[in-house]
Structure formats: structure tokens, C-alpha cells
Amino acid sequence: MILLQSFIGFYAMFIAPQIFIYYRYNDLKYSLVLSYGMILSFTGSWLLFLIIFYLKIPNIVVQLMALLLFCTSFIYMFRKTKENNNIYYIFWIISFIAIIPLYQYIGTGFNSWDAVNAWNRWGIELFDNYYDPINAAYPLLLPSIWAMLYKVQGTSDIWLISRISMFVLPTISIVLLTTLYYESKNKSYLFMLLFLYPFLIEYRTTVGDMDIPVMIMGTLSLILLYTAELYKEKKEYKYYLYAALLVAGVSSIIKQAGLVFVLFNIIYLLLNLRYIQDKKSIFLVALISLMYFISYLPMYYLNGEDGVVGNIEYLQEISVQIIYTWEEIQKAISELWKTFWSSPYNIDFLKPLIGHFHTIQVMPYVIGFGLFLFIFRDLRTISSVNIQSAIFFLLGIAIWAKYFSYDARNSFWVKSFYIIFLSINLNYLMNKYRPNFVFFFAIVIITFVFAMSTLDNKYAYDKQKSFQQYIGDEKLSKYIVNTLLKNKDTCVKINTNRQYLQFNYYARNVKSQFMIDRLYPLKSLQKNELEHSCRDGKYLILRDNTKSKSLRDWVKIQVFIEKGILKPVKHGENIIYFIPPNQTLKGKYFDK
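In this note's numbering, the protein residues as written are 79 to 670.
Worth flagging that the hints you see were computed from the coordinates, not collected in a lab.
Mixed in with the good hints, there may be bad ones.
Unchecked claim - Quick list of the computed label-pair ranges, beta carbon to beta carbon: (1) Y537 <-> N560: 20 to 30 Å; (2) L507 <-> K543: 50 to 60 Å; (3) T561 <-> A476: 25 to 35 Å; (4) T561 <-> I135: 36 to 46 Å; (5) S359 <-> K134: 33 to 43 Å; (6) I175 <-> L380: 44 to 54 Å.
Each residue gets a CB set at the ideal place from its N, CA and C atoms; glycine is no exception.
Produce the entire structure from the sequences given, and follow the hints as far as they go.
Given below as C-alpha cells:
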């Protein structure tokens, strides 16, 4: 029943809110319905998670709540009557077709370094109502959503539905932009879709990292803010403003870069106060937008050891540094250029069609042309979204180059801003120069329910195994489970700095026996770790590069082998040591 339960959780979290908003507010434009349905999904999930986390509400209650939402939305949909516009269903079909490049990832879970060792690790911890920050205040919206899905499906062993949840933002983005174009006939939205699309189908979008999700959510906030600007003289103005602020707030709890979009929205409001009649309401919504990130901070400060900015100084050190000689400046700029434009425009499936001359080489010049278009006076209104986006784009490049240029993915949020101003400016240039869906939907859902109810849990575990068995070292994981830990007391621990090992499929039932060592010098070599009374002993398994990372640790290991404190265990090329029980250790390595 795992797949059925996970589907119910997904439906309750992402589909039911859209149904409630759609049938409750008959007079709203569909772009607003879609936006507020998305806001309700992410905000409601976050608030519910916080309540469950702090009150330690059992999983069975979460499962019942998901089932209640699932059933209620069906009843609500059939009891409400609304004249349907089939064009919006066509937009959904277009979106599902447009994200076909992502379908290859359906049926797989997470296997990237950050997703496994950070984001999904937090999701698994939150499933157990536990949280261990690493070294900075990384927000937890998507890990909290995965934790909720794990609670509904009853286990964190299966990651399939969590990976599928990463398809939500790309799908909604396409539907929202096509809807906005249909409602306004403003070609800016088509340009936005064109420039955003490579990010939507990039493999990193669903891999479990947060860089593209925060960029997409932030871009949607800017798009809604631009839409509000188009409706300044109409009643929809404030509704789009509210939506833009709330979506920006949601982005701030995906990753810290989302705070930039909150700042962008607030600055825009301050520059446009004269157009806002209900200032009290808009400032209240702005405050709520800030509260998203603030609501996360207690979780961090109750569990974290470092400051909010964590390892920012280290990130600056490994980023490209510009030294004040002409040769080094040229080299640094070259490195920054290659890194910034390396992704996501080098799309593999397009290469057979367009060869080596693909968008990565063209895009910088297109953006340069977009900036050049600000020579037109109409595009230089200081309160407009496009000029503000251009300023934030240039400032964002400087911030990225200073602190985060060690990786291209850290620049994704910066690219949100050129998508906006470039699309608006190109549109300006062009203008200047001149069937019963409810029944069908019910049939589809019922078919899904029937199909998944016929699949037993073995299918879910087989799909999980198909990718998770390759995380880390499959042979070593089997050896640990079938030899080192088999028929042994649960006090036997595997002390290791090979973080991937505990996430291998074969280690899923013994992951609590892994003690992960992330630091140098190794905590595993401290006296309190080596002295133990576990009858079956303990084991130390090290990375191949341990010697190069900490020579002091390696010298200590050689001494311990000579004294019999550590006993080598032969298994291929792996570095494994047995730690016998009931040892009393003395010597200079333990004298304080």
C-alpha cells in the first residue's frame, strides 16, 4: 500500500488545494486561482509540518488528515458547479508534454551528493521528528514536504514520491505562463517561458538540490509582480501583489537565495506606494512574506551550532578571486564567464539538432542586447519591474562572483532577473515596431487508485533498489550487512567518514548503527569512541583519501594497529579496522 498512500499524500498536498481554490472563487482569473492554489499548497504544508514537528503528532494522524483532504476534495468538486473553460485543461496538457525530458527520472529517487547527504537526509530526520543542521541555516520547505509524504506513506525507505514532488514547480510554471499570456495577450510571458524553459527541464530541477527550485519560485514571484504592474488601474492589482509577496516568502524557505526575492518585492512596494490604496493590508502581507523565513529560524537555533551564515568565509575562499594584476584579472573574468554560462543551456538532447553552437554561446549577447534596450526612455521608469530586475541582475552577478562562484548552480537565482527584464524589453521592442473535465478527471484518479492498489510493496522496494543500491559502495554495503553486522548485537557500530554508506539500499535496516564522522581530526579515534563494552566489538571504515586529508590521524592509526587497539580487516581495497571491546587506553594520544 506504500504507493497508494504516497499518491494520496501527493494529491492532498498539491492537487486538493487547487480544487478548493478553483471551485470556491468563481470570479477570479485562473492565473490567480493557480497562484493561490500553489501558495496554499506550500504554505499549508509548511505550517502543518511545524505543528506536527513541535507537537510530535504521530504518523497515523497525518495519514488520516491526508485521506480526509483526498476524500473531501472529491466531494467538494462534485457538489460545486462551475462553467469550465477547456482552454485551461489544454494548458495543463501542454505543460505535461513540455516536461517530457523530465519523465526519465520518474521511478527513481535521489542520488546526488547534496540531495542524499543533506536535503533528503533532513527529510528523513524530520520524518522521525528530529533535525540536525550541518553548518548553516538552510531552510527546510522541500525536506519538510518530503517528510510529510514519508509520514503519509508510513516509511522513509521509499523516495519515489519525493522525487516526483519536484515535478510540481516546472509543471505549474508552464501552466501559469501560458494562462497569463491567454488572459493578457502580452508576449512578455511567452519570452519568459522561452528563457525559463531550459531551467524547467534541466536534470538538476528534480535531482533533489534546491538551487533551481528556489530560482523557479523566485521567478514566479517576479512574474506575478510584473502582472500586478499591468493591472495597476484594476481590482486585480492588489491580488497579484499579495500573490507575488507570498510566493517570494515561500521561496525564502526553499533556500536562502529566496530572501533576495522578498527584498525585491518590498523595494518595489516602497517605490510604488502611491498606487496602493489599502496600504495597511499590503504591509501586513509584506510582513507575512518575511515571516516565512523567520518561522524556520527557531528550528535552527534550537539545534544548530554555527551562525546563520555558516561557512560563508570558506565559500568565499574557494570562489574565483580577482587579484589586482591585469593577467590575473583576465583569468578570473574568463573563469567567471565560463562558470556562469555553463548551465543550464547546454541541454544534451538538443545537441544532435543544433550541434556545438547552442544557447550557451548565444545567451550572453542576447542579454547584452536586452540591457542595451534600456536606451528607450519608456523602459527606464525607476519603479518598473524590468529596470529593478536589471539592477538586481548586475548586483547578483557581483555577489555570486564574490562568494559563490565555485559552482555554476549558485548563479541560478541571479538568472531569474534577466529572464524578467529581457522578456519585458523584447516585448516592448516587438510592440514598438510592430468535454466534461470533472468526469474525466474522476475517471483518471479512480484508475490511478485502482492501478496502484494492485501493486504490492515489493514493487515500490524494487524500484527503490534499482537506484539506491548504487549509492556509495554496493559490495561494501553487502559485506557490512551480511558479515560485519549479521547476527550481532545492535550495540555494534560502524564508525565511518564514508557518508554514503548508510544510504545504500542494503543498509536501510541497519542505518541506525552507522556513526558518521564528518570532521578532521576524526572523532572516531578519540578515547571515548575506542573504549567500549560492546561484546561483538565495533568497526572503523575510512575513505581512501583519509591519509591525504589528515596525516595526524593516519599516524595515530598506525600506532593503534601496532598496539592492537585497531585490528585490520581485509576486504578488497577497503580500509576497515575492528575495534575490540573492553580496552583501557593509555598514552600520549589521550593525555590532555
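Taking the hints in turn, this is what the structure says about them:
no. : hint                      : verdict
1   : Y537 <-> N560: 20 to 30 Å : holds, 24 Å
2   : L507 <-> K543: 50 to 60 Å : holds, 54 Å
3   : T561 <-> A476: 25 to 35 Å : violated, 54 Å
4   : T561 <-> I135: 36 to 46 Å : holds, 40 Å
5   : S359 <-> K134: 33 to 43 Å : holds, 36 Å
6   : I175 <-> L380: 44 to 54 Å : holds, 45 Å
In this structure, only the earlier hint numbered 3 is contradicted, and the remaining ones agree with it.
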